[in-house]
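**Q** From first to last, the protein sequence lines are chains A and B. Numbering follows the working numbering, with no gaps: position 112 of the first sequence is 240. Numbering follows the working numbering, with no gaps: position 332 of the second sequence is 460.
Among the hints, a few may not be true.
For identical chains, the list gives no copy identity; a pair is met inside one copy or between any two copies.
List of simulated lysine-lysine pairs, DSSO-like, C-alpha gap at most 30 Å [to be verified]:
1) K220 - K511
2) K504 - K530
3) K511 - K530
4) K530 - K507
5) K518 - K186
6) K220 - K518
7) K429 - K186
8) K429 - K507
9) K429 - K391
10) K186 - K260
11) K174 - K391
12) K220 - K186
Note that these hints are calculated values from the structure, not bench results. Just so it is clear, the structure is predicted and the values come from calculations on it, not from any experiment.
There are 2 protein chains.
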Amino acid sequence: MSSAVSPLAPTDVPAMPAIPGVKLATAAAGIRYQGRTDVLLAMMDKGTAVAGVFTQSKCSSAPVEWCRAKLKSGVARALVVNSGNANAFTGKTGRQATTLTASIAARAVACSPHEVFLASTGVIGEPLDATKFDGVLGTLAEQAAPDQWMDAAKAIMTTDTFAKVATATVKLGKAKVSINGMAKGAGMIAPDMATMLAFVFTDAPIAAGALQSLLRSGVEDTFNAVTIDGDTSTSDTLLAFATGAAAASGAPRISRASDPRLKAFAKAFRAVLGDLAEQVARDGEGARKLVEIIVDGATSKASARRIAMSVANSPLVKTAIAGEDANWGRVVMAVGKAGEPADRDRLSISFNGIRVARSGARDPSYDEAEVSAAMKHPKIQIKIGLGLGKGRDRVLTCDLTKEYVAINGDYRS
Amino acid sequence: MSSAVSPLAPTDVPAMPAIPGVKLATAAAGIRYQGRTDVLLAMMDKGTAVAGVFTQSKCSSAPVEWCRAKLKSGVARALVVNSGNANAFTGKTGRQATTLTASIAARAVACSPHEVFLASTGVIGEPLDATKFDGVLGTLAEQAAPDQWMDAAKAIMTTDTFAKVATATVKLGKAKVSINGMAKGAGMIAPDMATMLAFVFTDAPIAAGALQSLLRSGVEDTFNAVTIDGDTSTSDTLLAFATGAAAASGAPRISRASDPRLKAFAKAFRAVLGDLAEQVARDGEGARKLVEIIVDGATSKASARRIAMSVANSPLVKTAIAGEDANWGRVVMAVGKAGEPADRDRLSISFNGIRVARSGARDPSYDEAEVSAAMKHPKIQIKIGLGLGKGRDRVLTCDLTKEYVAINGDYRS
Numbered sequence: 129m130s131s132a133v134s135p136l137a138p139t140d141v142p143a144m145p146a147i148p149g150v151k152l153a154t155a156a157a158g159i160r161y162q163g164r165t166d167v168l169l170a171m172m173d174k175g176t177a178v179a180g181v182f183t184q185s186k187c188s189s190a191p192v193e194w195c196r197a198k199l200k201s202g203v204a205r206a207l208v209v210n211s212g213n214a215n216a217f218t219g220k221t222g223r224q225a226t227t228l229t230a231s232i233a234a235r236a237v238a239c240s241p242h243e244v245f246l247a248s249t250g251v252i253g254e255p256l257d258a259t260k261f262d263g264v265l266g267t268l269a270e271q272a273a274p275d276q277w278m279d280a281a282k283a284i285m286t287t288d289t290f291a292k293v294a295t296a297t298v299k300l301g302k303a304k305v306s307i308n309g310m311a312k313g314a315g316m317i318a319p320d321m322a323t324m325l326a327f328v329f330t331d332a333p334i335a336a337g338a339l340q341s342l343l344r345s346g347v348e349d350t351f352n353a354v355t356i357d358g359d360t361s362t363s364d365t366l367l368a369f370a371t372g373a374a375a376a377s378g379a380p381r382i383s384r385a386s387d388p389r390l391k392a393f394a395k396a397f398r399a400v401l402g403d404l405a406e407q408v409a410r411d412g413e414g415a416r417k418l419v420e421i422i423v424d425g426a427t428s429k430a431s432a433r434r435i436a437m438s439v440a441n442s443p444l445v446k447t448a449i450a451g452e453d454a455n456w457g458r459v460v461m462a463v464g465k466a467g468e469p470a471d472r473d474r475l476s477i478s479f480n481g482i483r484v485a486r487s488g489a490r491d492p493s494y495d496e497a498e499v500s501a502a503m504k505h506p507k508i509q510i511k512i513g514l515g516l517g518k519g520r521d522r523v524l525t526c527d528l529t530k531e532y533v534a535i536n537g538d539y540r541s
Numbered sequence: 129m130s131s132a133v134s135p136l137a138p139t140d141v142p143a144m145p146a147i148p149g150v151k152l153a154t155a156a157a158g159i160r161y162q163g164r165t166d167v168l169l170a171m172m173d174k175g176t177a178v179a180g181v182f183t184q185s186k187c188s189s190a191p192v193e194w195c196r197a198k199l200k201s202g203v204a205r206a207l208v209v210n211s212g213n214a215n216a217f218t219g220k221t222g223r224q225a226t227t228l229t230a231s232i233a234a235r236a237v238a239c240s241p242h243e244v245f246l247a248s249t250g251v252i253g254e255p256l257d258a259t260k261f262d263g264v265l266g267t268l269a270e271q272a273a274p275d276q277w278m279d280a281a282k283a284i285m286t287t288d289t290f291a292k293v294a295t296a297t298v299k300l301g302k303a304k305v306s307i308n309g310m311a312k313g314a315g316m317i318a319p320d321m322a323t324m325l326a327f328v329f330t331d332a333p334i335a336a337g338a339l340q341s342l343l344r345s346g347v348e349d350t351f352n353a354v355t356i357d358g359d360t361s362t363s364d365t366l367l368a369f370a371t372g373a374a375a376a377s378g379a380p381r382i383s384r385a386s387d388p389r390l391k392a393f394a395k396a397f398r399a400v401l402g403d404l405a406e407q408v409a410r411d412g413e414g415a416r417k418l419v420e421i422i423v424d425g426a427t428s429k430a431s432a433r434r435i436a437m438s439v440a441n442s443p444l445v446k447t448a449i450a451g452e453d454a455n456w457g458r459v460v461m462a463v464g465k466a467g468e469p470a471d472r473d474r475l476s477i478s479f480n481g482i483r484v485a486r487s488g489a490r491d492p493s494y495d496e497a498e499v500s501a502a503m504k505h506p507k508i509q510i511k512i513g514l515g516l517g518k519g520r521d522r523v524l525t526c527d528l529t530k531e532y533v534a535i536n537g538d539y540r541s
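For reference, chain A alone in the conformation it holds in the complex:
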């Protein structure tokens, strides 16, 4: 595993405010790693609404199945996350492990197991020994405090090189409410509903149904618009918790996502998701370049998304960027293989604002030296104009380096 921090890590880490109604604690339960924390317990006050989106994998993990089933009630009191073992493809043992974990947590927090949400990340296919949570969760419930956000984000890391947090404070009615989020994920990232693991907490009094709507629309252009390697995890989980504690300071209770009073909150919520999603791309395994792909002029937004993803997942485009080579021929290739409407003779492509191709051929003003200099930047924007319609979309990814191969060639052994 790589240990150096990604050169693309954000330089400013925000101060994370307390979220009234949320307390956190972490511990080292020795699930897989030595000398680091690997369990997070988040405790939420009574009345907390919960929403979630999950991987579309046909082989989803036991905790994903657990959360999907428990989400129906819309209420949550605890979240238990472990790193080091994904409890995925573990059969009946895996289901037993989720049941046992939830009952240990319920005892520790004094709630029903049905109000406990679970997420696991790490190796697939190894049985998870849930008895390791016994004792640990009880202690964590006693220690839990409102200011443990960075510790929490660290405890859920696997091949991540930095902890990912984001925060926003916004008015809801006349009250101030806060949104805190954390995420982990650096490889096996091509979220089809959410990235591997991300958790968002707010004190806004938002009903579960409205929160679910916000989450579903919020992931579309944030987590679902990020890919590291085109590989979708069995464990993708994004949960949002709204404690409603801000109702005490006058925040209105929101029951519908379409409520006009929610506008500023919805924007801030999406910004938190977008911030976390970008941090996932910035921590792509082995990444040295953050790559933003913008497609416009497509026949629809969905078509623009598929073309952008085809470019973002192309190993040849990604290795070219790693080599600081503005190899737009490979961008043409990736547009062409997407299977979406495209007219070679209308295509234009630019790298970091420098147009290299237009009307289906090299731009007449193409200057290799100028483009080569632009490719040295740590952030590369590839803009693709199709000239067919008004469809536009944006996807984030990173380059493909030898370090990605090294990290993943000896992760498990």
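Following the hints, position chain B against chain A.
**A** Chain B only, in chain A's frame:
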């Protein structure tokens, strides 16, 4: 560019017989490379039938467009192939280059430009200077000889580390006919109709329509079942030429692919395609392992193909194999993300005949040491049982190594 020969290169290179009606010659036209041949001229006798399948890319190259248009007549007299420049995404200049090349070749061979077929491979987006063929093709037409197969296969290479040829001799009626094939391709390989460039020649008297049927069905489980990196070329071209010269020694003239006399020939033809396709996988850029993925128990063959391709294109599966790690959790992930019917609790997975997972969990008899030893083989077979139906398919690929990144990080610059 890597220069060492792939460790997966076939150890036996077949002696390629002459194909009556076909003559070949190669030259160094200085299109891009120094000190090597980069042009191939193949001349076919009058009456040669031609068939072709091409990339499904929406941004196909100028030579692909040229061939598609000329294929309608079904007759061919010459094939000109160059390496070093793909003449793709070159706009009007690209179309002019194909017209000029065909007219130079037609003059050299004394045929119509409409009987000339073209293929180009190499960098995308650079204008191809077709005037370089002037003079060269005239000399080649004079020098062309029936025994230049290895030289021909070498002249069309780009990042290939070995020349790819295959041959078969089979009875058609009472006459012996031969089939010779050559291919190039090592990266940007996820053929959607054919690999980058492959050419098959026979002296069998097969009409163009029948040849086209043979080719179309022949690629399905050969070239279309190979992927190196999931990236589909703008230039994929597979052409088959049947000179009909064997009619003189009594071979029956075949006008329909369903003709029962064609059975042995069709089998041999498919074997030649399969042999070439496997060689493409064996020369995958940076490859150290040939990987065969067999999916059975799927709901259909098409479903099995999509699942096998999802596994074959997964960077995480491919890097694990490069690391000699039987990381079947990543195989589960890739099955799960394929979007095809799959039941986690029925899934079984084996590596080189050793079952590691069954019924949705680790096999009880799993022995890490035994599996690790098996992973050291240069050929890895991953067998995935879905337990749902009778759909079965097989796909070839290779591992993903640091060398792939190195080769593609500085190919163009």
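**Q** Cα distance capped at 30 Å. Does K429 pair with K507 within a copy, between copies, both, or neither?
**A** Answer is within; shortest intra-copy Cα gap is 24 Å, inter-copy 42 Å.
**Q** At 30 Å max between alpha carbons, let me know whether K220 reaches K511 within a copy, between copies, both or neither.
**A** between (48 Å within a copy, 23 Å between copies)
**Q** Within, between, both or neither: how does the pair K220, K186 come out at a Cα-Cα threshold of 30 Å?
**A** Intra 17 Å, inter 46 Å, cutoff 30 Å: intra-copy only.
**Q** Cα distance capped at 30 Å. Does K220 pair with K518 within a copy, between copies, both, or neither?
**A** between (49 Å within a copy, 26 Å between copies)
**Q** As a check of your reading, is K186 near K260 (CA-CA no more than 30 Å) within one copy, between copies, both or neither?
**A** within (28 Å within a copy, 54 Å between copies)
**Q** State whether the alpha carbon distance between K518 and K186 is at most 30 Å within one copy, between copies, both, or neither.
**A** The answer is between: 19 Å across copies meets 30 Å, while 34 Å in one copy does not.
**Q** Which holds for K174 with K391 at a C-alpha limit of 30 Å: within a copy, between copies, both or neither?
**A** within (26 Å within a copy, 74 Å between copies)
**Q** With 30 Å as the alpha-carbon cut-off, assign the pair K429 and K391 to within, between, both or neither.
**A** within (23 Å within a copy, 49 Å between copies)
**Q** When no copy is named, should K511 and K530 be tagged within, between, both, or neither for a Cα gap of at most 30 Å?
**A** both (25 Å within a copy, 28 Å between copies)
**Q** Checking an output row: K504 and K530, CA cutoff 30 Å. Within, between, both or neither?
**A** both (18 Å within a copy, 21 Å between copies)
**Q** For K429 vs K186, is the C-alpha pair at or below 30 Å within one copy, between two copies, both, or neither?
**A** Classified as both; 26 Å inside a copy, 18 Å across copies.
**Q** Can you give me the call for K530 and K507, within, between, both or neither, at a CA distance of at most 30 Å?
**A** both (19 Å within a copy, 23 Å between copies)
No hint from the list above goes unmet by this structure.
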